[in-house]
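Protein chains: 2
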Amino acid sequence: MDTPSLDTLIIGAGSAGLAALREVRKRTERFVLINDGPYGTTCARVGCMPSKLLIEAANAYHQRHTLGEFGITGADGLAADLPAVLRRLRRLRDDFVAGARQITDALGARSIAGRARLLGPQQVQVNGTSGTIYHAKSIILAPGSKPVLPPEWRALGDRILTTDTLFEQATLGPRIAVIGLGPVGVELAQALARLGLQVTGYATSEWLGGLSDPAVNTSLHEALARDFSLHTGPAATLHTIPDGSGGISGIEVRSGEHRSVVDHVLVAIGRRPQLACLGLDTLGVALDDKGMPPVNPQTMQIANLPVYLAGDAHNHRPLLHEAADEGHIAGMNALAPATRCYQRRTPLAIVFSDPNAAVIGQSLRALQAQSDLVLVTGSIDFARQGRARASQHHHGRLNVYADQTSGRLLGAELCAPAGEHLAHLLALAIDQQLTVGQLLGMPFYHPVLEEGLRTALRDAARQLDPARTSVQASDLATCDAIGAEALD
Amino acid sequence: MDTPSLDTLIIGAGSAGLAALREVRKRTERFVLINDGPYGTTCARVGCMPSKLLIEAANAYHQRHTLGEFGITGADGLAADLPAVLRRLRRLRDDFVAGARQITDALGARSIAGRARLLGPQQVQVNGTSGTIYHAKSIILAPGSKPVLPPEWRALGDRILTTDTLFEQATLGPRIAVIGLGPVGVELAQALARLGLQVTGYATSEWLGGLSDPAVNTSLHEALARDFSLHTGPAATLHTIPDGSGGISGIEVRSGEHRSVVDHVLVAIGRRPQLACLGLDTLGVALDDKGMPPVNPQTMQIANLPVYLAGDAHNHRPLLHEAADEGHIAGMNALAPATRCYQRRTPLAIVFSDPNAAVIGQSLRALQAQSDLVLVTGSIDFARQGRARASQHHHGRLNVYADQTSGRLLGAELCAPAGEHLAHLLALAIDQQLTVGQLLGMPFYHPVLEEGLRTALRDAARQLDPARTSVQASDLATCDAIGAEALD
Numbered sequence: 000m001d002t003p004s005l006d007t008l009i010i011g012a013g014s015a016g017l018a019a020l021r022e023v024r025k026r027t028e029r030f031v032l033i034n035d036g037p038y039g040t041t042c043a044r045v046g047c048m049p050s051k052l053l054i055e056a057a058n059a060y061h062q063r064h065t066l067g068e069f070g071i072t073g074a075d076g077l078a079a080d081l082p083a084v085l086r087r088l089r090r091l092r093d094d095f096v097a098g099a100r101q102i103t104d105a106l107g108a109r110s111i112a113g114r115a116r117l118l119g120p121q122q123v124q125v126n127g128t129s130g131t132i133y134h135a136k137s138i139i140l141a142p143g144s145k146p147v148l149p150p151e152w153r154a155l156g157d158r159i160l161t162t163d164t165l166f167e168q169a170t171l172g173p174r175i176a177v178i179g180l181g182p183v184g185v186e187l188a189q190a191l192a193r194l195g196l197q198v199t200g201y202a203t204s205e206w207l208g209g210l211s212d213p214a215v216n217t218s219l220h221e222a223l224a225r226d227f228s229l230h231t232g233p234a235a236t237l238h239t240i241p242d243g244s245g246g247i248s249g250i251e252v253r254s255g256e257h258r259s260v261v262d263h264v265l266v267a268i269g270r271r272p273q274l275a276c277l278g279l280d281t282l283g284v285a286l287d288d289k290g291m292p293p294v295n296p297q298t299m300q301i302a303n304l305p306v307y308l309a310g311d312a313h314n315h316r317p318l319l320h321e322a323a324d325e326g327h328i329a330g331m332n333a334l335a336p337a338t339r340c341y342q343r344r345t346p347l348a349i350v351f352s353d354p355n356a357a358v359i360g361q362s363l364r365a366l367q368a369q370s371d372l373v374l375v376t377g378s379i380d381f382a383r384q385g386r387a388r389a390s391q392h393h394h395g396r397l398n399v400y401a402d403q404t405s406g407r408l409l410g411a412e413l414c415a416p417a418g419e420h421l422a423h424l425l426a427l428a429i430d431q432q433l434t435v436g437q438l439l440g441m442p443f444y445h446p447v448l449e450e451g452l453r454t455a456l457r458d459a460a461r462q463l464d465p466a467r468t469s470v471q472a473s474d475l476a477t478c479d480a481i482g483a484e485a486l487d
Numbered sequence: 000m001d002t003p004s005l006d007t008l009i010i011g012a013g014s015a016g017l018a019a020l021r022e023v024r025k026r027t028e029r030f031v032l033i034n035d036g037p038y039g040t041t042c043a044r045v046g047c048m049p050s051k052l053l054i055e056a057a058n059a060y061h062q063r064h065t066l067g068e069f070g071i072t073g074a075d076g077l078a079a080d081l082p083a084v085l086r087r088l089r090r091l092r093d094d095f096v097a098g099a100r101q102i103t104d105a106l107g108a109r110s111i112a113g114r115a116r117l118l119g120p121q122q123v124q125v126n127g128t129s130g131t132i133y134h135a136k137s138i139i140l141a142p143g144s145k146p147v148l149p150p151e152w153r154a155l156g157d158r159i160l161t162t163d164t165l166f167e168q169a170t171l172g173p174r175i176a177v178i179g180l181g182p183v184g185v186e187l188a189q190a191l192a193r194l195g196l197q198v199t200g201y202a203t204s205e206w207l208g209g210l211s212d213p214a215v216n217t218s219l220h221e222a223l224a225r226d227f228s229l230h231t232g233p234a235a236t237l238h239t240i241p242d243g244s245g246g247i248s249g250i251e252v253r254s255g256e257h258r259s260v261v262d263h264v265l266v267a268i269g270r271r272p273q274l275a276c277l278g279l280d281t282l283g284v285a286l287d288d289k290g291m292p293p294v295n296p297q298t299m300q301i302a303n304l305p306v307y308l309a310g311d312a313h314n315h316r317p318l319l320h321e322a323a324d325e326g327h328i329a330g331m332n333a334l335a336p337a338t339r340c341y342q343r344r345t346p347l348a349i350v351f352s353d354p355n356a357a358v359i360g361q362s363l364r365a366l367q368a369q370s371d372l373v374l375v376t377g378s379i380d381f382a383r384q385g386r387a388r389a390s391q392h393h394h395g396r397l398n399v400y401a402d403q404t405s406g407r408l409l410g411a412e413l414c415a416p417a418g419e420h421l422a423h424l425l426a427l428a429i430d431q432q433l434t435v436g437q438l439l440g441m442p443f444y445h446p447v448l449e450e451g452l453r454t455a456l457r458d459a460a461r462q463l464d465p466a467r468t469s470v471q472a473s474d475l476a477t478c479d480a481i482g483a484e485a486l487d
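Chains as they are written, first to last, in numbering that gives the first Met the number 0: chain Y, 0 to 487; chain C, 0 to 487.
Treat the hints loosely; a few may be bogus.
Said to hold, decoys possible - Straight-line Cα separation of at most 20 Å, SDA-like style, residue types lysine to any residue; simulated pairs:
| hint | chain 1 | residue 1 | chain 2 | residue 2 |
| --- | --- | --- | --- | --- |
| 1 | Y | Lys145 | C | Lys25 |
| 2 | Y | Lys25 | C | Lys25 |
| 3 | C | Lys25 | Y | Arg253 |
| 4 | C | Lys25 | Y | Asp80 |
What the hints assert, rightly or not - Which bits of chain Y does chain C cover? Going by a derived footprint, with three or more residues having C-beta under 8 Å, they are:
| hint | region |
| --- | --- |
| 5 | 57-65 |
| 6 | 180-187 |
| 7 | 386-399 |
Just so you know, these hints were derived from the structure itself, not from any lab. In this text the structure is predicted, and so the values were computed from the model without any measurement. Beta carbons: idealized from backbone N, C-alpha and C, even for Gly.
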């Protein structure tokens, strides 16, 4: 069955698809939105929001360890009721999901539940080879991603969890392995440990949570090791332990010589774009070895086709705020007379561990790869920082990277108290292409954790090209110079 | 007794005096630092640091009210041991004070304990009319300030406290009145209430904590009223209540018809510069009705004399980070061949209440006084903000003010979760003279409280001159426009 021609067609009702929808609706009513699987977005259902709800509960409970020092008694009587924590998580999550669902529900017949497959750059068939065929002047692909779960692990049954299933559990553990210590693995392993589970984390790389600065990575490692056992080694293998009556009593995790027996395994080894069944082969463009077509990140356009790819499926920066930007760009371009380029935002990646970890602007690894760059690193250890000591959050490190010649701030990595906030401040500074001296010209209140950032900036300022520093101090005659030189 | 001539002489070993010292020592060894009263700085001894130590303990205890909702049991068994809280406060405070004292202790004979009095613009006498007379090419005055305590209240005895005595108490209350609800009164009243004291706060003005935006002020009022009883009315009077055996059983506080009986009264009605005994009359310049000489805030110079006034004694911006800047400016100029102007920082004032309150850049009151300005206000109520709900900190409001014509951000007031951090982000944006659109071009991660700021910025962006907004959206072709328009 064929339908009348549309101006555009969106595949995927996640964060990217809904952002595209917002632009599309400003421009036309001749569209449909096709979604396969659950509505409500990865972010709200199984991503950002439920993980943050788990983390907030975990950190609230964890704070009991500081109470005695503050002069508060009775902390020993506190207990985490994990089923209750998970119930609250699902209650609020359902509310966040409902917010996202309202948008698609309000579309009526223009919202279609089903699996879409491209027949070409302007044609889509829904629900198999006998399904409805839609013609559209442009197509926006935002099919999202799903957690990687190797088939041999999936076969081990419901003790093997991903973020798709973790938050649905009535309870967990008491022993759990977390495989993979990227941002998601780090956040969830620490939160589950703080809620009283016996957690063992496994990673094949020493780099945790997406960091690339050795000193910052060490700081995060030390912080996590206070909460759970980390093991770095060969890729883990999983093995069921029979209970003697045909069932399973647990899962054995092996990595090299390391062995542990757990009740659950959370697999957090990454997410894979959901591109396989999308019919990208019908577009007539070359696909790379991961099945990915060429996409311009400034336009979201695939080659020179009227087809746009946005969100996690693109895998360029699988983060909510980037997915939303990509959806907006795709939505604008899908209905524009001519495709336009949009400047992408300054990179920002945050891990909601405690202390928070973050990479802002260019990572140390990316900067060190630029052989013509003379890099200066300014550093602060929060162990002696005044405000951090007052709040008992005196752990962590923040490193800023600047170009020695221009003094310009290029990037930062941190594992620091209030790191998510310091990361935004640094992101704005890098976005505005500020020098270390210019950033030191802003007010730093007292006593605040931002003074720790100032310490790192002053450390960097001392290493900058002296000629340039003296220009700032004498000729410009602003308080920048004061800021750069003053005592901490 | 006369002494050899000095290059410079610093009066006051507080934050401003020590900042001046740092600049002086880079330039000469021919100086002395004279200090009257306790060493260790107002900030570390009786100001920023001890108040923050009290607040951190209070907020840690207060968080018990969120535990049940998170799924944590046993919160009813928690108790605040106020004497233990105060002991920890003094222990850490002593450590901060020791850090400041090390600096003066290391000066040896160049650090002099005593009361200094000017005999003229280049002459100082220490400890009375028979004391040593010092001659110096320049003089830096940084005598600081002390809490205002009317003599009739001082006469009521040791139940009447100021920040000079509060932190020395072994315990407090159980009933306490806080007179004055500026930044210090607000912080301490809330902290003491959260530590279990029965607090009544008194103010003669509806404006709390230095705010001037009615909506933000209402938000702070509501937050404080959840913790303690606020009374606004005529200036309070204090009256002792005899205990029948020659002693006092309490203090009655009266304000209009309002009466309360308390065990302690904390007087927080401001600080007064310690200028009275300084001999400013010998400088040959006119003093204003508060005894203040004319001071240039860009040079810290008094009239055209070789005398500089820095820190709280100046009362221009009695904040630690401003006092430090003033000390640096005074220290540089006191030894410079010619007096130089320094640009002062973007204004930033933070109250460490929960939620934090802050005024960044120009206050609403200051902006409304500019009749030629067409002002746009962008607003966010944190009640429905996602991350704030996840952490149970969903209270507060943030308002940003922009010039409708230029789109430039001019100021903000807030009473918001993580407000101290949002305030720094806004301070940098205002410092860099960014427009609302430029600030919206930075990355806002998800889910973070900074997204609440973005909501306020988008609200402002919608009200800006449409011609200008469309320029940003179509001609510049950056993601700024995406940021300004996208769904929250």
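Hints, one by one, checked against the model:
no. : hint               : result
1   : Y:Lys145 - C:Lys25 : violated (60 Å)
2   : Y:Lys25 - C:Lys25  : violated (63 Å)
3   : C:Lys25 - Y:Arg253 : violated (61 Å)
4   : C:Lys25 - Y:Asp80  : violated (59 Å)
5   : 57-65              : holds (count 4)
6   : 180-187            : violated (count 0)
7   : 386-399            : holds (count 5)
The structure fails hints 1, 2, 3, 4 and 6 (numbered hints given earlier, in ascending order).
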